[in-house]
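Peer 1: In order, the protein sequence lines correspond to chains G and U. Read the first sequence against our numbering and you will find it ends at 536, with the numbers running on by one and no gaps. Read the second sequence against our numbering and you will find it ends at 1536, with the numbers running on by one and no gaps.
Just to be clear, a hint being listed does not mean it is correct.
[To be verified] Which chain G residues face chain U? A few, computed with CB under 7 Å, are given here:
1. Pro82
2. Pro232
3. Pro331
4. Pro332
5. Gln498
[Claimed, not checked] Here are the simulated distance ranges between beta carbons:
6. G:Ala292 with U:Arg1056: 43 to 49 Å
7. U:Glu1366 with G:Arg49: 39 to 45 Å
8. U:Gln1281 with G:Glu118: 21 to 27 Å
9. G:Pro232 with U:Glu1394: 14 to 20 Å
These are calculated hints, taken from the structure and not from any lab test. Ideal Cβ placement from N, Cα and C applies to all residues, glycine included.
Protein chains: 2
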Amino acid sequence: MKLEGLSLIGHGCAEPKGSPTRAVNPATGENLEPAYYWADAADVDRAARLAWEAFRQFRLWPAAERARLLRRIAELIEATAPEIQQRAHLETALPPPRLRAETARTCHQLRLFATLIEQGWCWDARIDHADPTRQPLPKPDVRSHLIPLGPVAVFSSSNFPLAFSVAGGDTASALAAGCTVLVKAHQNHMGTSEIVGRLIQQAVRECNAPEGTFALLFGRGSEIGQALVRHPLVKAVGFTGSRQGGRALMDAAAARREPIPVYAEMGSINPVFLLPGALRQNAETIAAGLHASLTLGVGQFCTCPGLVLAPTGPDTDRFLAALQQRMENTPPGVMLTAELCAAFHAGVRRCLQIPGVQRLTSARAESDPAGTRAAATLLTTTAEVFLAHESLMEEVFGPSTLVILCRDFAQMLAVAESLEGQLTATLHATPEELIEHRDLVRALELKVGRLIFNGFPTGVEVCHAMVHGGPYPATSDGRSTSVGTRAILRFLRPVCYQNFPDAALPETLQEANPLGLFRIVDGQPTGPADRSSASR
Amino acid sequence: MKLEGLSLIGHGCAEPKGSPTRAVNPATGENLEPAYYWADAADVDRAARLAWEAFRQFRLWPAAERARLLRRIAELIEATAPEIQQRAHLETALPPPRLRAETARTCHQLRLFATLIEQGWCWDARIDHADPTRQPLPKPDVRSHLIPLGPVAVFSSSNFPLAFSVAGGDTASALAAGCTVLVKAHQNHMGTSEIVGRLIQQAVRECNAPEGTFALLFGRGSEIGQALVRHPLVKAVGFTGSRQGGRALMDAAAARREPIPVYAEMGSINPVFLLPGALRQNAETIAAGLHASLTLGVGQFCTCPGLVLAPTGPDTDRFLAALQQRMENTPPGVMLTAELCAAFHAGVRRCLQIPGVQRLTSARAESDPAGTRAAATLLTTTAEVFLAHESLMEEVFGPSTLVILCRDFAQMLAVAESLEGQLTATLHATPEELIEHRDLVRALELKVGRLIFNGFPTGVEVCHAMVHGGPYPATSDGRSTSVGTRAILRFLRPVCYQNFPDAALPETLQEANPLGLFRIVDGQPTGPADRSSASR
């Protein structure tokens, strides 16, 4: 595919304007062709108007038709996978196996949402039948289901050039919901974004979706990002990135004349709690697993385990020695950008400035042509120091972790209680310890979106029960998840029909249940074959 | 019950501080005993801390126990109904039959949420089973359900002293969710609030609920209301009231270090569309129904039909004549407060200042000892005038409606398209017209929470499918409803367990399904008796 360096609006491209920018190969520091032109406010406005017009039709499409579009996007991505991955590797330095896995995940997400909307239980269809004989007033017939919010602005992440980017989870769930989508491409992988964007454009054409169903905009977050969030025709926002970036979008959305929901996933430090029984049995295995999790993707995951809590003692000493050795033996990895790498080093230095924080790994000097290489870094301190320094709770994005040595379980619990909102918390424990220390689980339930037992937080399974969310500041909205089928709920709202004639109702709510949906009928969960539904 | 005039915190009362205030009888303007003392920031802080401590226990109560508390509150309200209604009548001038109906509704709501949480499908329990053989990586066991957010601040409404106040829908749904509740009493019905608050306090004691499960605070919205919304231990807000008041809470919540959700129901003008076929057949019946709806409770409902769209012509003339006659024959009603009544008259005057707006009812002078009497008021204008004056879209809270005469259907559709977010829209049409003018239904779906066919918007049925919500500015959050069982979702968020041993899981998610819940198992809606659930 020939890359043009232009934003994609409707079936065409935006005009080139201003001075262009090139993506950078983080492994070499070299510029990559072609040059990319930023969109401007007029482009955003045109794309938003098209998206609104398209939304009015697209939301009425049968779910099966929207599913067809999602599957077609997946097919086109698979057919173009080598080209996408090659470009993504140049732009991100992520290794080919990772990019292959991410391609598979992206296509799986698209197909999972396709199946979800065909099954249709996600529409939360509810029917309360009338009772004309009720006293003192007759009971009306009331039916409701969920409908899409409108055009959604999606902000691509830097660390998932495919699965959380142009055709990623936000786009898949928004299109599945019946929303149209305006993607702001991430400037670190513009070529990858353009390839995937053109494939979506092709799928939109092939499936005869309305022209404004999808747009891809290149530009700065502080400019076209803000313009997108402030545009009156944009009705929701999906974002994966930094806390600062996410909060800026939240504040802009809340200050609108019509405030809109922002679903920002802003990362966290993902504490790992090591209980004595598990350490006694598995100190080395846990060290190996933790090392793999925290160096995966050069630590550039929102679920990277950046904090470990362990009791002082010989088992923890064994664990630390094993972890230290593995980290020393890990060659430095290439981070996504020189800026991220500089921020990583600054973050490590910030921790080390706090008295009582020690570095267990050596600071190695290596050849680093592009200023992007980060060495796996192991820090430790005590619970007292951690509790006294709030800044140690800040995420250090990259391959490092801070091990907090706790005098006793009470101190470990105190650290848990002190934490701010997190995407995940992990417990390594024997099953008996997990029951015995239920108070730790309960404290963590109030802090996180996901609890992991004897595993590691990286590798977020895309399924129905997954929660990739968590209380602020892990996300903008702890009521939501950006991974798994619950993600579609972010872009839906209920609408209710009272005493409507059956023929004028949406098919989801018609008495005969022509779509064969699972529904809540008179307060009872009711499958299409259930008597309570068929008997009326 | 002897009223004390003090906020209720824990099992006791706040200290009297500052100079007290008395409620006013809106029918006579007389002060009512006793004097009420405002809570201060220290009271809010104490109540919030107690609520947080209570939450940590209360959220873990079995649903059946929380259901018992809700039912006990309903029983105590029923046992005290005459006293509650007598006081409410003195404070609001709402007629005894209305207050009896509102008592019944309040108790119905409490019991509906009790049954809902016992059935438990509202917890959205989801199970994705592990697949250790999956390639390239084993699939983990992932389970999730919804847990409560934390202490909820509930702002009582002025117009529903029972059903949207101390033990109203927000309190019932928050307690059902497992949240603890801090109610800000409305200053217009402080005695009613105190009686109901003491009954909840009694139920909390009798059911051995934690002491901070409930608090009732007297004070000004701009003071203790803001203090509640800004308190770090308050995690969500329910509000029914004015747009200005709701927006102030939204802005305060969004500006917190940890922003929290605000569910503000801020009212709307609830347009009614009259199509020619329905008018031809039923001009007089529609006029009778509309008159009853818009004068019900002296027009003081968020669902009061404040806007009517009708085609010009003889059938509309008949409709207008019938409506005018009924409104002229309606004796002025006593509004809830002199302030609301003054705002109503100012709102009517504001409309009449616009050239082309006419008043069809006479402005009658009547005895009005307390400045609270409002006469039913019928205004008309043309679609051109309406479309040219945005201020005509502002709610005039009270017994008035504005009839917009439309030249043709296209103009009616143009008015529909111009509307901001509404709680409801109503269509009077023949079934054939409803199908023929599907574009009107579709335009309205994007504007409202509820569509009513050949009925009237007042009388919001409390059931599973009800949506009492709608896009901003009807509410702060169009994804929510404040009436019906979906209201519980406002106070819940998902939490996920990965590879947890069965015994360490909450009962909702245990494999054997000990609570007999409906759940989503491996992507399939699954009842407790379904094979797909039992086979594992």
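Peer 1: Decide, hint by hint, whether the structure agrees.
Peer 2: Hints versus structure:
1. Pro82: Nearest chain U Cβ about 18 Å off; hint violated.
2. Pro232: Hint violated; Pro232 of chain G Cβ to chain U Cβ min 11 Å, cut 7 Å.
3. Pro331: 23 Å, violated
4. Pro332: 26 Å, violated
5. Gln498: The hint holds - Gln498 of chain G has a Cβ within 7 Å of chain U, the shortest such distance being about 4 Å.
6. G:Ala292 with U:Arg1056: 43 to 49 Å: 35 Å, violated
7. U:Glu1366 with G:Arg49: 39 to 45 Å: Cβ of Glu1366 of chain U to Cβ of Arg49 of chain G: about 52 Å, so the range 39 to 45 Å is violated.
8. U:Gln1281 with G:Glu118: 21 to 27 Å: Between Gln1281 of chain U and Glu118 of chain G, where Cβ atoms are some 41 Å apart, the hint is violated.
9. G:Pro232 with U:Glu1394: 14 to 20 Å: Hint holds: Cβ distance 19 Å, inside 14 to 20 Å.
This entry does not satisfy hints 1, 2, 3, 4, 6, 7, 8, going by the numbered hints stated previously.
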